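Chains as they are written, first to last, in UniProt numbering: chain H, 1 to 486; chain V, 1 to 486; chain W, 1 to 486; chain F, 1 to 486.
Since the hints were derived computationally from the structure, they do not count as laboratory data. Any given hint could turn out to be false.
Copies of the same chain look alike in the list, so a pair counts if it fits in one copy or across any two.
[Unchecked claim] Pairs of lysine-lysine residues, derived as DSS-like cross-links and limited to a Cα-Cα distance of at most 27 Å, are as follows:
(1) Lys298 to Lys316
(2) Lys358 to Lys316
(3) Lys358 to Lys338
(4) Lys338 to Lys463
(5) Lys298 to Lys373
(6) Lys124 to Lys357
(7) Lys124 to Lys270
(8) Lys298 to Lys270
(9) Lys365 to Lys461
(10) Lys365 to Lys270
(11) Lys457 to Lys101
(12) Lys463 to Lys298
(13) Lys101 to Lys461
(14) Lys270 to Lys316
(15) Lys373 to Lys28
(16) Lys298 to Lys256
(17) Lys461 to Lys28
Since the structure is predicted, the reported quantities are computational estimates derived from the model, not experimental observations.
4 protein chains.
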Amino acid sequence: MNKINYRISLLVALMGVSISVSAQKKQKPNPQKEAVIASVDNRFEELTDVSDRIWSFEEIAFQETQSAAALSDYAESLGFKVTRGVAGIPTAFVAEYGSGKPIIGILGEFDALPGLSQNTVPYKSPLHEGAPGHGCGHNLFGTASLGAAAAIKDLIEKGEIQGTVRFYGTPAEEKFFGKLWMVREGLFEDVDVVMDWHPAAETKTAVQKGLALVDFQVEFFGQAAHASADPWNGRSTGDALELYTTGINYYREHIKPTVRIHYHIQDAGKVVNVVPDYSRIWVRVRDSSREGLIPVWKRVEAMAEGAAIMANVEYKVSLISGVHEVLVNRTGSAALQKNLESLGPISYTEEEQDFAKKIQEATGKPQIGLVSKIDPMEETAEHSMGGSTDVGDVSWVVPTIRLSATTAPNGTPWHSWAVVASSGMSIGHKGMAYAAKALSMTMVDLFQNPELVENVKAEFKEKKGDYVYKGFVPDGPPPINSNLQD
Amino acid sequence: MNKINYRISLLVALMGVSISVSAQKKQKPNPQKEAVIASVDNRFEELTDVSDRIWSFEEIAFQETQSAAALSDYAESLGFKVTRGVAGIPTAFVAEYGSGKPIIGILGEFDALPGLSQNTVPYKSPLHEGAPGHGCGHNLFGTASLGAAAAIKDLIEKGEIQGTVRFYGTPAEEKFFGKLWMVREGLFEDVDVVMDWHPAAETKTAVQKGLALVDFQVEFFGQAAHASADPWNGRSTGDALELYTTGINYYREHIKPTVRIHYHIQDAGKVVNVVPDYSRIWVRVRDSSREGLIPVWKRVEAMAEGAAIMANVEYKVSLISGVHEVLVNRTGSAALQKNLESLGPISYTEEEQDFAKKIQEATGKPQIGLVSKIDPMEETAEHSMGGSTDVGDVSWVVPTIRLSATTAPNGTPWHSWAVVASSGMSIGHKGMAYAAKALSMTMVDLFQNPELVENVKAEFKEKKGDYVYKGFVPDGPPPINSNLQD
Amino acid sequence: MNKINYRISLLVALMGVSISVSAQKKQKPNPQKEAVIASVDNRFEELTDVSDRIWSFEEIAFQETQSAAALSDYAESLGFKVTRGVAGIPTAFVAEYGSGKPIIGILGEFDALPGLSQNTVPYKSPLHEGAPGHGCGHNLFGTASLGAAAAIKDLIEKGEIQGTVRFYGTPAEEKFFGKLWMVREGLFEDVDVVMDWHPAAETKTAVQKGLALVDFQVEFFGQAAHASADPWNGRSTGDALELYTTGINYYREHIKPTVRIHYHIQDAGKVVNVVPDYSRIWVRVRDSSREGLIPVWKRVEAMAEGAAIMANVEYKVSLISGVHEVLVNRTGSAALQKNLESLGPISYTEEEQDFAKKIQEATGKPQIGLVSKIDPMEETAEHSMGGSTDVGDVSWVVPTIRLSATTAPNGTPWHSWAVVASSGMSIGHKGMAYAAKALSMTMVDLFQNPELVENVKAEFKEKKGDYVYKGFVPDGPPPINSNLQD
Amino acid sequence: MNKINYRISLLVALMGVSISVSAQKKQKPNPQKEAVIASVDNRFEELTDVSDRIWSFEEIAFQETQSAAALSDYAESLGFKVTRGVAGIPTAFVAEYGSGKPIIGILGEFDALPGLSQNTVPYKSPLHEGAPGHGCGHNLFGTASLGAAAAIKDLIEKGEIQGTVRFYGTPAEEKFFGKLWMVREGLFEDVDVVMDWHPAAETKTAVQKGLALVDFQVEFFGQAAHASADPWNGRSTGDALELYTTGINYYREHIKPTVRIHYHIQDAGKVVNVVPDYSRIWVRVRDSSREGLIPVWKRVEAMAEGAAIMANVEYKVSLISGVHEVLVNRTGSAALQKNLESLGPISYTEEEQDFAKKIQEATGKPQIGLVSKIDPMEETAEHSMGGSTDVGDVSWVVPTIRLSATTAPNGTPWHSWAVVASSGMSIGHKGMAYAAKALSMTMVDLFQNPELVENVKAEFKEKKGDYVYKGFVPDGPPPINSNLQD
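Go ahead and model the full structure; you've got the sequences and the hints to work with.
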């Protein structure tokens, strides 16, 4: 049957509740989990300082020099063995502690977004006019993950658990997808399980796939001419570009509901009175899976030839990069879910709730403040909607367990000044600490329970099947100094 | 949360199975149901004759003069009181028998599709070159429904049940949607429940909503000019039309996955060397619900003004007609499902299966023959895909119970010569008789069981809520002699 | 210098006047010219009858069976030797009288235009609703030319001049350009000079080139799909066609001011709910010369591949036909000009002028009536504007002298009902007789004056230069039963 | 008649030759003309120094601070009375000498073009990478005009002629058209005749009109949305912009051959994953006359509303500025022509010709070196092609006489590095001196010959007719700090 049903299966959800409720009851006190919680609490000021510095560095993809240094130096100071500049990326690094199996990894991002600089006030007010800002909360992301790794380090150091904890400093998530080159370099080959989280407007185990995605650019090369005196001697790349986008928009009728295509016209000519001889467009194609994505991607690439023929110009298609959808590991996620339920929601002060409501007012959202309650673990939808992440690629080479933790008011528009504001003050700091605790608690489970690791790996192996992972990444070094303007 | 999950809830489906299996066990012999089955069998030759004549008349929307006469004359000959030419449509009629409550209606369509004329052979071979053909099996549709009504009439006549049975001869389903004007006329106001079926490649209780839909045409009026001598004196409606479709295609990025927009360019100029001064396009917008449809419809209509301004021409938007999605009645459907399970699948001869497989071969489908098994009743999806029907409008003014019955080989492309072939021979005839039985058995339930009628009505009332039905139909008479070319 | 100056050189025009005025003075009585004038007057009723019959036959391109018969039968009755069905065209014929050199040809067209049927009244009123009509006055054209040939025949018959007169019955000028196949057949190879005229709203020697032109069609072949259920399984030829026209419109920026491109969308899908799998467009490209035309033509053809790639469909480009611009012969034209000046303007009755003014009123033109005065011969512009004719192709294989004669009110929109009306009554008849006289007088010059013929040929040879004529005509027979709809 | 003939009237041109040849014979020695020639020669080093400094300043429109200072300071040092910052433009100034009537003005431009920085070598080699350069030779333009004014000043100073000479320092010709605001300010109201020249690849009296032009920008304002998560919540200004350009390209079929429309997409969104909520396009419309321009301009402006409606966004159209075509004064031009013929062509060294040929080789032009011969004065074409200038606006308020003088190799692509190279070395310097001489000689004619001034004014008055000049300039101050990026 070719029909797709869009619905919410309530019964299943209800059953899920009962399972987790009963699981919650079985939870016993676990000294190592109490230890990691204490570790995070003990380092709260240090972590806050690192996070706030990264927040104020406002560094974007592949330019996160100070941010990477803040994290790697801190790791080094805690006793981690740090390898900087991995995978050909100056701002990528690995910080490791312990030895032997299991090897449990944890990912930390730290890049900002262009144009979002903002003060820690609940109304739009740039810290540095026109500068980038942490509109995705990655200052908290990298710091919390390192905080979790440090808590595990404390246990290994004390001999309470055995094995290796490894923190991955992963740059350029917002653009270019730095993890692609780290995966290509084989940096995840010996890892048993990877953990990961993301700042959010809610707290939950993250079990949706996100979307697979590919970025490529099309360049057109033509012949300039005076637009008034002899336009007939020009071969216009502006025409090619516009015909190309027209073709893409006509094609939308013929893509499945799960596919998205968007583009950014980067150069459509430089002056009004010249037929342009160079144009460039950045194209992004997404689908709920790699398999669905590939034929659409190839189709949209192929259109460039058609546009070039129509406008009588030359063209070049270049892969930028792209990500896989996440291979969700529900076995590992269930372990994380228990720890969330054990931790319960984050507590906020009245001032924090007031700040949150002001942000909600300023962004036109219901003024319900911060929400951090722990709902039952969601079903994993066959077809996701929303965004994409390069954690997807990691998840296809090593089982990955993912968390979302509240760092911003409910309903906050992501990638906005409002996230920057929350990420630089106590609301963000609390989410960071919460994430560090939940992640390190789950890592304790993985270190303590070899069967859990086996089950996590078994699910991973079964879901991956015969697929031999190959990243959407061009040959050659990462585009560190690329002139790609986004 | 704004997320849509596309999935199949297996647990719910399995529960559905167990319910219906246990229901099946409870089924006891019912003399009235046996009587209607016998009635249909007794009239099989007459019904086949009516169906085959309609099949050979090959009459399209609002031109079904002979087909309407065949059905209404036959009803009259059986003792029904027939009212012809209702709702301003010469080929619409009502045939009624009995008196008092309940009043149970049944719908019968009988229009053909352009260009599909075909012989009863399993390869493409037109009966009349270029003529219409019954590619949707409506010759069977109208006849089976009348056969069911006649079986009920026999019971009323014998005094075995009380009330009124009413057959609606509903023309122009394939185009214009004749039922809209019949609903507008109030012809369904006193009915308790309506039944309906449709020829198909499978047999099941029909519980999906289909899509709401609206058809409108846009006309552009400009200024002709010699395309070579003075094109600057022309104001081109061809330009307006093309800019309009370009706008529609750009808009596709901004519609929800459940929306469909398609169009048919009907007139984009008549000769190559004249700037056209008249152009016309037929536009269809669909969504899974009326509520979702309306804003998109209004948006696509509004674009016509934009295109007209861009091309400096005048424009006119005219509503053609449109349909609501079906308000599904699961209570009534469950009663029908029991009767299907009681009847079991249709039996086919080896010759019929061979014929079916040849059709499957000719149309590139798996050669698995005819399939008529009775699966458990499906869940009703929140968002349907596929087609639309003007039964939708009936379903918003009176509770409607719907059946699909096998009249063509599994996988047959609908609206194709293959359906015409099957509809004119024993495969179609068997499906027709089967439908007449299942429908009349369920009508027996409705006549015998006032509580069922009440429950059916209660579900209808609850689902309809506050909505005051208003059809997507222009003022004035139906477009009987419209020059709308599709 | 790449600059084009658009201007009217008054001084040159004034010098032209003085030359022709002095030439006029030298004009002596010429008995043969008086004889051909008398011949035309004597046959006026017969010619009028032939013309009016063709007018009432209303036959379009390649379907002019009765019209061709009317002319060829009349020629035969006058003693011409008639060869029918030449060049593979049933309605093409040659009628010849006399023997030996010189051979002077004269062209006669007789096809009507679709949709222009009209009575001989000065307001729009179809003779036969929806039928074709003589909106280009070709009923007069063919008849006057034959009348001129007949007048020459009389002189040959009497032995007053020596040589051969040959009338060419040339069908399908309005579409397909029948003369192309007659030229290809070699029917003009032995001719010394050809004469030709055209009905018009003014009287003058025709010395402008018109435009070279090519017609081709592009067909796209895709994959049908249900526009709502699975549009992603469709490959839309409608999309290809629209992208193709978009490409053409973008290309307009890059064509010279003398180029024209127009198109007629002939098939962009047949119903609203199916992704179309076949589309067809008729494209016409023009320029002021063959040399300018060819690269643009090839460019617009090449675009079809681009559109097909963009929409992922197949395509086919087919040449329909095309014409050369006219190779103007000013030497021969000067001889014709003298005869016009000798004849002077046509006289009209008050009724005719009233009729003309009513037509002008109805078509929004200045009500100045009929204009037939003889202005000095125009300069031949480097780049023409306006229309095209297949006389162009004849003019590249044999020197051609051309006349315009008044048959309709000044300013009448051509190809309109107004021309049909005038062509069926005395206004048209007078123009026809006038043309027959002017043409036969000039033929007398050619027969009497071998030096004139030599000079005409010398100019032809010089202007043609090295060019080896090749018509824009596909291989194979003429498209007599073509399904090309225009 | 609606036909346009594109041709060159040779006879008229030949007559022009004979007139000017005879005029040349009458030329007698004129001591004042010899004096101005000597003045220019005497100041050659100073002028070269000013020109070379402006060349090296590389300052673009409205930012020519140093360039304006170089010219105005030099003028002041010569005794001119200088008024800086006129018409609200910091870099606009007026330098005047003498008193009383006649007042003869002369225009001097000095702005550079972006991205053309170049050394004085015959191959592409930027002086400052990415910096502007004098690709239109305006360093020579301003300096030569001031040199001519200074020569006249010398004569006034000596009492040899009476009246006032006034130099206008006119910035921003390449963009924004600075003279518009100077005209609006009334700075030309009391002037009798204005002179002007332009660097070129040939030497001649400039008697073509150029094109009238208008620049406006269209901004669209929509609603941003995540391009993947909820594109249906976005109202895309990118769509509006693309629909707008599509509309413009369709409109090209319906503009006269003399019209040009070009545009520059300045902002079509900033990142790939956001539906853009702001877009901006710069549109330029040209025609051979103001009258032809206006309706096309208004039409293209009106299209913005259509595009906005189609994309459901808001829009704003803002006039940037625009120029009139030049009102050519042939009486004044004839006086200039005589001086050119008296001066004869510029002499070049072998090295200069070699340099020129290398530039021609590098730019793919015939290697014929520098061409400075004096041809007869051209006819003024009814419809010009090519570029536009804000001298057009001056020419509608005061009679204007214009010169082109050779400063670059024949065939050099204008607005290219090759012009920058020539403008910074001896080839440019020679042209500058030549222009200064020809202009000052013609100014001598105007000062000496009141009848010439009267005749010049009479022609101006007749050609201007009833037209009340109104510049295409928005209300408010000039866009000195505009963020308009071109």
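Report task. With 27 Å as the alpha-carbon cut-off, assign the pair Lys373 and Lys28 to within, between, both or neither. Result -> within (21 Å within a copy, 52 Å between copies)
Query - Homomeric proximity label, Lys338 with Lys463: Cα distance no greater than 27 Å - result: within (23 Å within a copy, 39 Å between copies)
Report task. At 27 Å max between alpha carbons, let me know whether Lys124 reaches Lys357 within a copy, between copies, both or neither. Result -> Classified as within; 14 Å inside a copy, 60 Å across copies.
Report task. If the cutoff is 27 Å on CA atoms, where do Lys358 and Lys316 land: within, between, both or neither? Let me know, please. Result -> Cα proximity of Lys358 and Lys316: none, with 48 Å in one copy and 32 Å across.
Query - 27 Å Cα threshold - placement of Lys270 relative to Lys124 - result: Only across copies: Lys124 and Lys270 sit 19 Å apart there, 32 Å inside one copy, limit 27 Å.
Report task. State whether the alpha carbon distance between Lys298 and Lys270 is at most 27 Å within one copy, between copies, both, or neither. Result -> between (30 Å within a copy, 25 Å between copies)
**Report entry** Homo-oligomer pair classification [Lys298, Lys463; C-alpha up to 27 Å]
**Finding:** within (25 Å within a copy, 45 Å between copies)
Query raised in the report: For the identical chains here, do Lys365 and Lys270 meet the 27 Å Cα criterion within one copy, between copies, both, or neither?
Result: Cα proximity of Lys365 and Lys270: across copies only (25 Å, versus 40 Å in one copy).
Query raised in the report: Is it within, between, both, or neither for Lys298 and Lys373, if the alpha carbons may be no more than 27 Å apart?
Result: neither (43 Å within a copy, 41 Å between copies)
Requested in this report: State whether the alpha carbon distance between Lys298 and Lys256 is at most 27 Å within one copy, between copies, both, or neither.
Outcome: both (15 Å within a copy, 24 Å between copies)
Requested in this report: If the cutoff is 27 Å on CA atoms, where do Lys270 and Lys316 land: within, between, both or neither? Let me know, please.
Outcome: both (20 Å within a copy, 22 Å between copies)
**Report entry** Alpha-carbon proximity context of Lys461 and Lys28, limit 27 Å
**Finding:** neither (30 Å within a copy, 51 Å between copies)
Going down the numbered hints, you'll see the structure goes against 2, 3, 5, 9 and 17, while the others check out.
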